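Those protein sequences? They're chains A and B, same order as listed.
Counted the way numbering that gives the first Met the number 0 counts, the first sequence spans residues 0 to 495.
Counted the way numbering that gives the first Met the number 0 counts, the second sequence spans residues 0 to 101.
No wet-lab data here; the hints were simulated from the structure.
Quick caveat: nothing in here was measured; it's all calculated off a predicted structure.
Quick reminder that beta carbons are idealized off the backbone N, C-alpha and C, glycines included.
Hints may contain errors.
[Unchecked claim] Below, computed lysine to any residue pairings styled on SDA-like, alpha-carbon distance capped at 25 Å:
no.: 1; chain 1: A; residue 1: K98; chain 2: B; residue 2: L12
no.: 2; chain 1: B; residue 1: K50; chain 2: A; residue 2: K399
no.: 3; chain 1: A; residue 1: K169; chain 2: B; residue 2: Y66
no.: 4; chain 1: A; residue 1: K98; chain 2: B; residue 2: D65
no.: 5; chain 1: B; residue 1: K50; chain 2: A; residue 2: R171
no.: 6; chain 1: A; residue 1: K98; chain 2: B; residue 2: A11
no.: 7; chain 1: B; residue 1: K50; chain 2: A; residue 2: L183
no.: 8; chain 1: A; residue 1: K399; chain 2: A; residue 2: N443
no.: 9; chain 1: A; residue 1: K98; chain 2: B; residue 2: V4
no.: 10; chain 1: A; residue 1: K408; chain 2: A; residue 2: R386
no.: 11; chain 1: A; residue 1: K98; chain 2: A; residue 2: P5
no.: 12; chain 1: B; residue 1: K50; chain 2: A; residue 2: A308
[What the hints assert, rightly or not] Counterexamples of contact, computed for chain A against chain B with all Cβ distances above 12 Å:
no.: 13; residue: A27
no.: 14; residue: L197
no.: 15; residue: T215
no.: 16; residue: A243
no.: 17; residue: A357
no.: 18; residue: L464
no.: 19; residue: A489
What follows is the residue order along each chain.
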Amino acid sequence: MAIHPPMLYLGYVGLTVPFAFAMGALLARRTDERWIVATRRWTLAAWAFLGIGQLLGAHWAYVEIGWGGFYAWDPVENAALMPWLAATAFLHSVMIQEKRGMLKVWNVLLIVLAFGLSLFGTFLTRSGIIQSIHSFTQSSIGPWFLGFICLIVVGSLALVFARLPLLRTKTRLESLVSREATFLYNNLLLVALALTILWGVVYPILSQAVTGQAATVSKPYYNFFLHTFGLPLLLLMGIGPLVAWRRASLRALGRTFLWPLAAALVAGIALLAAGAGSSRIGVIAYTFSVFVLASIALEFARGTAARKALGGVGWPAAFSSLIARNRRRYGGYVVHASVVLLAIGVTGASAYQTVREARLKPGQSMTVAGDRLVFRGFQTRMESNHRAIRGLVDVYRGDKYLGRYTPGKNQYFAEDQVSNEVAIRHDLLTGGDLFLIADQVNSNGSIDLKALQKPLVNLLWLAGLVFVGGSLIALWPDAREERRLAERYADAVVRI
Amino acid sequence: MLLAVACVALVALPFLREPSPKDDRLVAPDELEQRRLALAEERDRALAALKELEFDHRTGKVSDDDYRTLVGPLRRRAAEALRALDLRASPTVEEKPVPTHG
Chain A
0 MAIHPPMLYL
10 GYVGLTVPFA
20 FAMGALLARR
30 TDERWIVATR
40 RWTLAAWAFL
50 GIGQLLGAHW
60 AYVEIGWGGF
70 YAWDPVENAA
80 LMPWLAATAF
90 LHSVMIQEKR
100 GMLKVWNVLL
110 IVLAFGLSLF
120 GTFLTRSGII
130 QSIHSFTQSS
140 IGPWFLGFIC
150 LIVVGSLALV
160 FARLPLLRTK
170 TRLESLVSRE
180 ATFLYNNLLL
190 VALALTILWG
200 VVYPILSQAV
210 TGQAATVSKP
220 YYNFFLHTFG
230 LPLLLLMGIG
240 PLVAWRRASL
250 RALGRTFLWP
260 LAAALVAGIA
270 LLAAGAGSSR
280 IGVIAYTFSV
290 FVLASIALEF
300 ARGTAARKAL
310 GGVGWPAAFS
320 SLIARNRRRY
330 GGYVVHASVV
340 LLAIGVTGAS
350 AYQTVREARL
360 KPGQSMTVAG
370 DRLVFRGFQT
380 RMESNHRAIR
390 GLVDVYRGDK
400 YLGRYTPGKN
410 QYFAEDQVSN
420 EVAIRHDLLT
430 GGDLFLIADQ
440 VNSNGSIDLK
450 ALQKPLVNLL
460 WLAGLVFVGG
470 SLIALWPDAR
480 EERRLAERYA
490 DAVVRI
Chain B
0 MLLAVACVAL
10 VALPFLREPS
20 PKDDRLVAPD
30 ELEQRRLALA
40 EERDRALAAL
50 KELEFDHRTG
60 KVSDDDYRTL
70 VGPLRRRAAE
80 ALRALDLRAS
90 PTVEEKPVPT
100 HG
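Could you put together the complete structure from these sequences and hints?
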């Protein structure tokens, strides 16, 4: 938990750098790619910190808060997600500018959006305008901060408008079936998702201001848009790498899509045969996930084979050379793999989770997803600042004893506060968790026990590690690239 | 409030002072410099696109037909940008306008 806020802070603050460079470039009428090249790693680092910060926050919520989930669509959670989505769109669209010289206006607008949303996130946390676990203070800074955000956004947009003639480009999209087109679709979906989340966050505030009553925007609203925009995004992560820049013929597409499509088809049929059809969204998400993983694996395999043929070296050398020669692309693929792991974990833990609740007296049992839970009674111990009450729950699978787990509550002497202390049984083989919550500790010696079986949820945390790995690969400096850029800008001395 | 104004003034001070050396100012790039940069970016873009096209062709992502259609214009663009940059590097040669494609 200790590093979750600093990570998010680094993410928020880091977005200042590309924003400042973009504004500086516009002010100085230097609308070439230098501001993008100079801030590439800053943007990537800020984006990675935001992503890591959110995953750490999700892990903390899962283990510590005790409600059985990892993301609650809390306004401040959303406030960190929105700039991350905008920055993700930016990281993709700058590649179109670098490769094709297109989307100059869009890229500047995206960085204004990402920075504006990071300011908005800080505003939500510090202004006390919302009720949330993350709202740290009731202070008078709100109106000032809101004024500052308006100033930044309006000022930036006015500057972009004033520089429009310099930002316009002649290059047009050659084909709707090309890498740059898939990046465009991805951008539209990411921005649409960020804006619908933004609407969900501000709607209660606006309704409070207009009608005096705060309307609530709850989980179904967010889930609807997550499915509507998130699933096509997942699919695009598999399609994008398989499509060439500029244009792709049907013949080439047929060849590159064959194996990933076949893998996805087999996975979809196997999932339905295994009974996963209880959740349509789940089957779609898993089928798309297999498609994306297959396309990433194919990209690495074909790339390594081509590098091997070119260099006449062994497989390991060809593989490392492939990554070293295009760290951004292959680091990006590793990040894509982490997003797929995340999607699999989230789908397993939400679409396929089993929840059972029961009031148990000592000796009584309940069953959740095949596991038998036997309540044995309570154990209480006094600590320096609280009384710890733990329910003793023995878990069996068939006749096999899996262990004793102790969900309970801590009663803190100061301010009479009570916290939920959950018990989690990690199954590293299946990636799932048995999550136990002592909802109520009753005076007659019984317990209101809530048990959640969450398949594949541990892939979320694995996704975090893969995400860090992919980000590091993409961030790692490339001497060849640095030399090329140094040569390009050698004569263009910036006089300050 | 006073503290905030003082902080803003302190941070903004270097921007308000008149720079002493004559060239110590942020200047908009002149047309020549803009053109040179655009050409350098165009050259790098075309060369990178060529490399990418070759690699995508080798991995089967680009068909033979697509490769033949795309490689010519990319080579021409790279050559045009290189030629135009060479002309700029040589002060004795009169500049000719060179079309850019991006």
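Contradicted hints - numbers only: 1, 2, 6, 8, 9, 11, 13, 16, 19
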